[in-house]
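Chemist: For the record, the sequence lines run as chains A and B. For the first sequence, the numbering used here assigns the number 1 to the initial residue and increments by one for each residue that follows. For the second sequence, the numbering used here assigns the number 1 to the initial residue and increments by one for each residue that follows.
Simulated from the structure, these hints should not be mistaken for lab results. C-beta: ideal position from N, C-alpha, C; glycine also. Misleading hints may appear alongside valid ones.
[To be verified] Distance windows between CB atoms, simulated:
#, chain 1, residue 1, chain 2, residue 2, range
1, A, L32, B, Q220, 34 to 44 Å
2, A, F46, B, Q104, 36 to 46 Å
3, B, I115, A, F35, 21 to 31 Å
As a plain string of letters, each chain reads:
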Amino acid sequence: MNNLIEKKKKPRLWFQIKKNKVSYSMIAPFFLIFFTFTVLPVLMSFGLSFTSFDMLQTPKFIGLDNYINLFLNDEVFLIAVKNTFILAVITGPVSYIMAFVFAWLINELPRKIRWLMTLIFYAPSISGSAYLLWQLIFSSDMYGVLNATLMNLGITNAPILWLDTPKYALPILIIVQLWLSLGVSFLAFIAGLQTVDKTLYEAGAIDGVRNRWQELWYITLPQMKPQLMFGAVMQITSALGIAAVSINLLGFPSTEYSGHTIVTHLMDFGSTNSTRLEMGYASAIATVLFFIMLGTNLIVQKVIRRVGT
Amino acid sequence: MEDKVKHQESVVAALKREELKWIKEKYRKRSRRKVRLSRSWQGDVFVIMVLVLFGAFSAYPLVFTIANSLKPLDEIFKFPPRLFPQHITFEHFVDLFNLIGNTQIPISRYLLNTILITLLGTIGHVFLASLCAYPLAKHKFPGKHLINQMVVYSLMFSAAVTMIPTYMISSWLGLIDSQLAIIIPAFGFSLGIFLMRQFINTIPDELLEAAKVDGANEYQIFFRIVMPLVKPAWLTLIILLFQQLWGTDGGNYIFTENLKPLSYALRQIVAGGVPRTGTAAAVTVIMLIVPITVFIINQSRVLDTMAHTGLK
Numbered sequence: 001m002n003n004l005i006e007k008k009k010k011p012r013l014w015f016q017i018k019k020n021k022v023s024y025s026m027i028a029p030f031f032l033i034f035f036t037f038t039v040l041p042v043l044m045s046f047g048l049s050f051t052s053f054d055m056l057q058t059p060k061f062i063g064l065d066n067y068i069n070l071f072l073n074d075e076v077f078l079i080a081v082k083n084t085f086i087l088a089v090i091t092g093p094v095s096y097i098m099a100f101v102f103a104w105l106i107n108e109l110p111r112k113i114r115w116l117m118t119l120i121f122y123a124p125s126i127s128g129s130a131y132l133l134w135q136l137i138f139s140s141d142m143y144g145v146l147n148a149t150l151m152n153l154g155i156t157n158a159p160i161l162w163l164d165t166p167k168y169a170l171p172i173l174i175i176v177q178l179w180l181s182l183g184v185s186f187l188a189f190i191a192g193l194q195t196v197d198k199t200l201y202e203a204g205a206i207d208g209v210r211n212r213w214q215e216l217w218y219i220t221l222p223q224m225k226p227q228l229m230f231g232a233v234m235q236i237t238s239a240l241g242i243a244a245v246s247i248n249l250l251g252f253p254s255t256e257y258s259g260h261t262i263v264t265h266l267m268d269f270g271s272t273n274s275t276r277l278e279m280g281y282a283s284a285i286a287t288v289l290f291f292i293m294l295g296t297n298l299i300v301q302k303v304i305r306r307v308g309t
Numbered sequence: 001m002e003d004k005v006k007h008q009e010s011v012v013a014a015l016k017r018e019e020l021k022w023i024k025e026k027y028r029k030r031s032r033r034k035v036r037l038s039r040s041w042q043g044d045v046f047v048i049m050v051l052v053l054f055g056a057f058s059a060y061p062l063v064f065t066i067a068n069s070l071k072p073l074d075e076i077f078k079f080p081p082r083l084f085p086q087h088i089t090f091e092h093f094v095d096l097f098n099l100i101g102n103t104q105i106p107i108s109r110y111l112l113n114t115i116l117i118t119l120l121g122t123i124g125h126v127f128l129a130s131l132c133a134y135p136l137a138k139h140k141f142p143g144k145h146l147i148n149q150m151v152v153y154s155l156m157f158s159a160a161v162t163m164i165p166t167y168m169i170s171s172w173l174g175l176i177d178s179q180l181a182i183i184i185p186a187f188g189f190s191l192g193i194f195l196m197r198q199f200i201n202t203i204p205d206e207l208l209e210a211a212k213v214d215g216a217n218e219y220q221i222f223f224r225i226v227m228p229l230v231k232p233a234w235l236t237l238i239i240l241l242f243q244q245l246w247g248t249d250g251g252n253y254i255f256t257e258n259l260k261p262l263s264y265a266l267r268q269i270v271a272g273g274v275p276r277t278g279t280a281a282a283v284t285v286i287m288l289i290v291p292i293t294v295f296i297i298n299q300s301r302v303l304d305t306m307a308h309t310g311l312k
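Could you build the full structure based on these sequences and the hints that come with them?
Modeler: Structure below.
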């Protein structure tokens, strides 16, 4: 019985595939590259995480040893996890809310001012490695803008070593990351707000919506749900992936690992510039990070689905 | 024979009507009628204060750098520092182009490399992503759901996760120490295909059906109807990928000095320390002015695409 069904099914699938060969030919070039550089690496990373591998010899299967070492014997990894979570828990939600609130506030402004404000808020995130200029602001000598200002106002009388003092590491990363974070999701929110049907607001005003907060909760947010979900994915992924800012501002490794994150830990073992070249171990870190990112995204999506209901 | 011509004409007319309707809807000027909703002046003042405060936080570092790049060296090191230059000078930009890198490579070479990587990567991506997004949005075939799902999930992790295998794959493909190691993976930029698919979804099926009745094959439909209609989406993809590629420093992929991009040179100059402060500001300005200009030119069209980004 089962056999019969399968025999029937197979030719039909094949027929379907043949019938749509034009569609496949259109998809193929992009998909091959996407698969090779995005999907396949995830699978390989997963496989390599169970091996000991130094890029030179063939990988040797060692079971769960990498994961056991990672969680039980690697104190630096635990620092990295702690830092990553602190950074993500603060910059993730704050940047998400900032992106939405600013988009919402500028939405009602006259067209030209809205255009200018969009540019001002979005500019940092597209200015590439321009965040290096924060080095000048937090610079440790008296020419650093922050030191100069504080000394000039008489608050401190000697320059502070902002970038080399562990207790300032995370706050500095948070400030710079927030400065950079009004990116794609900010644009999605602005665009989404503009497509909300204006008559809904008028109807709301008649139905007793008294102020902009009620309007926001009862009308705007439910209408924006798809954009809110998209924005959340973007902000979560970038909040958990903080690394470049830490490496370039605080150094690598940062003083007492104060700015060490999961990604910088991964680079410590997995980067080809690194002296360690423990690719199996690094792959285990990457796999853990992958599941943290995916898991957080899926949970947060569930939460956002409930907005306004 | 005549009938056929007539039929074709009517199809073309219908097509035009349908297209016009769609375009009109898409670019409809938003009603200028002001409806005063439930607003209080205290609220307005509060909103304006918040915007000014955070706007200043957002703009200050960029303005500061631009100002620094125009200050003579002695003004940069004035204590206390001033935001705006007293005497404007372009000496840092001139210095920059005369500056020779550590290994005798002029800055213009790095700039050229960055332009090459950015242009090829962006053009290739926009074309391949549009070609792939069209069937993913509009056709039905086995595996479509799976591919769409893969694209959405790929937005949920960052490139760091796949760093090691990506390096291995690039090396198997012989891409190491070539700019192709940056350009080819850029073709497969997953945010781009996602946005493009969402945008193509909004094209009415009738438009495509009409062309099909007219005897156009899928490639003709793609080039003659879909491609022209998704121009706003191209610009969005261009901006998003452009700024990534423009900022790339070649990572671990490029070793040969004269193949390296501008961002790498910038880091070397910044690392040059205090005497290079002015030149460093000048490079930073060059690095940021290009993506920002591209965005300024295209802001409204980009926002038009972003309206369809929603995840369900």
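Chemist: If a hint holds in the structure, say so; if it does not, say that too.
Modeler: To see whether the hints hold, each was checked on the structure:
no., hint, in the structure
1, A:L32 - B:Q220: 34 to 44 Å, "violated, 24 Å"
2, A:F46 - B:Q104: 36 to 46 Å, "holds, 44 Å"
3, B:I115 - A:F35: 21 to 31 Å, "holds, 29 Å"
Checked against the numbered hints given earlier, this structure breaks only hint 1.
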